[in-house]
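Student: Here's the letter readout for the chains.
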Amino acid sequence: MKFDDKVPIYYQIKNHLYHEMMTGQLAPGEKLPAVRQLAVDLTVNVNTVQRALGEMITEGIITSQRGKGNFVTTETPRITQLKEHLIMEQLERAYEQLHALNLSDEEIIASLKQYIAQRGQQDD
Amino acid sequence: MTNVLAINQVGYKHNFKTILHDVDLTLETGKIIGLLGENGAGKTTLMRLITGSAKGSGTIAVCGDTSTAHHKSHVSFTEQLRGFAASTRVDRVADFYRTVYPDFDGARFEEMVTFLQIDTSLKLAALSKGMKEKVIIALTLARQVNLYLLDEPFSGIDSMSRKRIISSILKWKPADATMVISDHYVSEIAPILDEVVIVKDQTVYAHKESDAIREEFGLSIEDYYESLYTETEGGADRD
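Residue numbers (UniProt numbering), protein chains in the order written: chain A, 1 to 124; chain B, 1 to 239.
Note that these hints are calculated values from the structure, not bench results.
Fair warning: there could be bad hints in the mix.
[To be verified] Within a straight-line C-alpha distance of at most 27 angstroms, the following computed DSSO-like cross-link-like pairs (lysine-lysine) qualify:
1) B:Lys173 x A:Lys6
2) B:Lys129 x B:Lys163
3) A:Lys2 x B:Lys208
4) A:Lys6 x B:Lys200
5) B:Lys55 x B:Lys72
6) B:Lys55 x B:Lys123
7) B:Lys173 x A:Lys31
8) B:Lys31 x B:Lys208
9) A:Lys6 x B:Lys31
10) A:Lys14 x B:Lys163
11) A:Lys68 x B:Lys163
12) A:Lys14 x B:Lys132
13) B:Lys208 x A:Lys14
14) A:Lys14 x A:Lys2
15) A:Lys68 x B:Lys171
16) B:Lys171 x A:Lys6
17) B:Lys163 x B:Lys208
18) A:Lys2 x A:Lys83
19) B:Lys171 x A:Lys31
20) A:Lys68 x A:Lys14
21) A:Lys2 x B:Lys173
22) B:Lys31 x B:Lys72
23) B:Lys163 x B:Lys31
24) B:Lys171 x A:Lys2
25) B:Lys173 x B:Lys163
26) A:Lys14 x B:Lys31
27) B:Lys31 x A:Lys2
28) B:Lys163 x A:Lys6
29) B:Lys171 x B:Lys132
In this text, all values refer to a predicted model and were calculated from it rather than measured experimentally.
With the rest of the complex left out, here is chain B:
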């Protein structure tokens, strides 16, 4: 099994509005993937479809398993800590994870708590934006799974926190697991990405190896991404 994810002809509508259509995407094991697209392009929806918390048309196989009910055991995705009361302490959230997920590794969580300098006695309501993202990273990566999804972990946080988060991804992502990181601003994470997937026009518009973009076009990932967005509708092909 070399593919961790195989999405075939997936579509999703909300209130008769098409959010995603004709999505095909295959991801190999052991990669770090940048999921890029404007705000509202459908990045979070795609993550929800992968975990099975949203239902659309088409098929999604995680580790070869197309039953979405099984996806949660292969995929680690912490969506904005929704579902926890603002007065919940961080260590209580970790206790909850420990109880719900048999693959939650408490020792790994403690290592990341130390590295990211998280005070686990704080209540969720007391966390700064950067600290909240660090808690999400630690909770997500403490699980031992095949696929990790991080939804815009860098939006609105300071550069020191960003560097720490990037280091913890490089330190703790298991070698054979794949991680998908969504962002609408790519330059800060470009050096750590194996591949980029660009969501545009309600579908997966492009999927390329990062170093291939640099080698073939002589472009930075950011310039390549922007060039796709500034193409006129049905515009000229880029060679």
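Here chain A stands alone, though its shape is the one from the complex:
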């Protein structure tokens, strides 16, 4: 995995795992790889993986079962909530940057619609 070295690594590991959950590569109830295996796969420190998983356990996205390992939560509302949170985060960033260019809300909506329409044409 490629990291942005300006952003805390534990944060990027969390985002990577969130992404795998959103896209279904990690399904609800699925067991996560062992901590050391994750560290080797992502080429990061074991302690950093531990920190990322610790925070995700606190958030309720992952459950830790003693002696068995870590599992993606089976509570789908929690995953839906996470997805909404991630969408909001992306929108917030884009909105703030467009707003900083002095675009009004109407102009932002219009630009976004235009962008999606153009993108659709390019894909064809």
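Based on the hints, put chain B in the right spot on chain A.
Tutor: Quick look at chain B alone, frame taken from chain A:
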């Protein structure tokens, strides 16, 4: 015991020239530490002082033991395979390690030899730079100790070898052992470092958690390291 290393007011001079002075450094168990500094900053000297192969002023405790004669049993450091004739085969060097160090784990060594694709029948003189570093990593990590020191394992080697070496560190470093990796070019190993120690002006100039640098300053480890080096002498404090 949570500290694997405690260095207190250590100094070292060579031919009346100060190499290191007033060095204080405490390292916890289970960490990977980047020891950063320019060439000639004193990184290798610091490693030699820790193993006891160089003697300076001040005290160095490894696992709470301040007797430097005992340090070699707690610390694994393979300094450039010095002391072996160029015609020595890699497997003969491993035999030597097996004999000298009771903590040398032959099975672990074989696993790493396979993973790093080392041909142990080669003579030291026949090893490429990258292959030599792989041999050093395998020998160093095959010992079961509390503290591992790697002196610039990535200098002048290709990126495939570098990736293999990094993977083997992540795979084989015991969870409760600490590893110090020195380098003068940090970006390639930054994601695996828990903390960085920066050697500058003949002393330990800074010691910080890697993710704290990213979080507090919004800087990459490399940018942070360079910012310390470009500060003017006695220059402005960074907040």
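Student: For every hint, state whether the structure bears it out.
Tutor: Here is how each hint holds up against the structure:
At roughly 26 angstroms between alpha-carbon atoms, Lys173 (chain B) and Lys6 (chain A) fall within 27 angstroms of each other, so this suggested pair holds. A hinted pair counts as satisfied when its Cα atoms are at most 27 angstroms apart, and Lys129 (chain B) with Lys163 (chain B) qualifies at roughly 15 angstroms. For the given pair, Lys2 (chain A) sits about 23 angstroms from Lys208 (chain B) by alpha-carbon distance, which is consistent with the 27 angstroms threshold. A hinted pair counts as satisfied when its Cα atoms are at most 27 angstroms apart, and Lys6 (chain A) with Lys200 (chain B) qualifies at roughly 23 angstroms.
For the hint pairing Lys55 (chain B) with Lys72 (chain B), the CA-to-CA distance comes to about 14 angstroms; that is within 27 angstroms, so the pair holds. A C-alpha spacing of about 32 angstroms is found between Lys55 (chain B) and Lys123 (chain B), which places the hinted pair above 27 angstroms, so the restraint is violated. For the hint pairing Lys173 (chain B) with Lys31 (chain A), the CA-to-CA distance comes to about 24 angstroms; that is within 27 angstroms, so the pair holds. Using a Cα cut-off of 27 angstroms, the hinted pair Lys31 (chain B) and Lys208 (chain B) holds, with the two alpha carbons roughly 12 angstroms apart.
Under the criterion of a C-alpha separation no larger than 27 angstroms, the hint pairing Lys6 (chain A) with Lys31 (chain B) is consistent with the structure, at around 21 angstroms. Pair hint Lys14 (chain A) plus Lys163 (chain B) holds up; C-alpha atoms about 23 angstroms apart against a cutoff of 27 angstroms. At roughly 30 angstroms between alpha-carbon atoms, Lys68 (chain A) and Lys163 (chain B) are farther apart than 27 angstroms, so this suggested pair is violated. Note on Lys14 (chain A) and Lys132 (chain B): the hinted pairing is violated, with a Cα-Cα distance of about 36 angstroms set against a maximum of 27 angstroms.
For the suggested pair Lys208 (chain B) and Lys14 (chain A), the alpha carbons sit about 22 angstroms apart, so the restraint of at most 27 angstroms is met. The hinted pair formed by Lys14 (chain A) and Lys2 (chain A) meets the criterion: a straight-line CA distance of about 14 angstroms does not exceed 27 angstroms. This hinted pair checks out: Lys68 (chain A) and Lys171 (chain B) have alpha carbons roughly 20 angstroms apart, not beyond 27 angstroms. With a C-alpha separation of about 25 angstroms, the suggested pair Lys171 (chain B) and Lys6 (chain A) falls inside the 27 angstroms cut-off, and the hint holds.
For the given pair, Lys163 (chain B) sits about 25 angstroms from Lys208 (chain B) by alpha-carbon distance, which is consistent with the 27 angstroms threshold. Straight-line distance between C-alpha atoms of Lys2 (chain A) and Lys83 (chain A) comes to about 23 angstroms, which keeps the hinted pair within the 27 angstroms bound. Restraint check for Lys171 (chain B) and Lys31 (chain A): satisfied, since their Cα atoms lie roughly 20 angstroms apart, inside the 27 angstroms limit. In summary, the hint linking Lys68 (chain A) to Lys14 (chain A) is supported, as the alpha carbons are separated by about 21 angstroms, within the 27 angstroms threshold.
Of the supplied pair hints, the one linking Lys2 (chain A) and Lys173 (chain B) holds, its CA atoms being roughly 22 angstroms apart against a limit of 27 angstroms. Taken as a hint, the Lys31 (chain B) and Lys72 (chain B) pair is honoured in the structure, with Cα atoms around 19 angstroms apart against an allowance of 27 angstroms. Straight-line distance between C-alpha atoms of Lys163 (chain B) and Lys31 (chain B) comes to about 19 angstroms, which keeps the hinted pair within the 27 angstroms bound. About 19 angstroms separates the Cα atoms of Lys171 (chain B) and Lys2 (chain A), which keeps this hinted pair within 27 angstroms; it holds.
Taken as a hint, the Lys173 (chain B) and Lys163 (chain B) pair is honoured in the structure, with Cα atoms around 15 angstroms apart against an allowance of 27 angstroms. Of the pairs offered as hints, the one joining Lys14 (chain A) and Lys31 (chain B) holds, with about 20 angstroms between alpha carbons and a cut-off of 27 angstroms not exceeded. For the suggested pair Lys31 (chain B) and Lys2 (chain A), the alpha carbons sit about 22 angstroms apart, so the restraint of at most 27 angstroms is met. For the hint linking Lys163 (chain B) to Lys6 (chain A), the alpha-carbon distance of about 21 angstroms falls within 27 angstroms, and the restraint holds.
Distance restraint check for Lys171 (chain B) and Lys132 (chain B): the Cα-Cα separation of roughly 19 angstroms lies within the 27 angstroms cut-off, and the hinted pair is therefore satisfied.
The earlier numbered hints that this structure contradicts are 6, 11 and 12.
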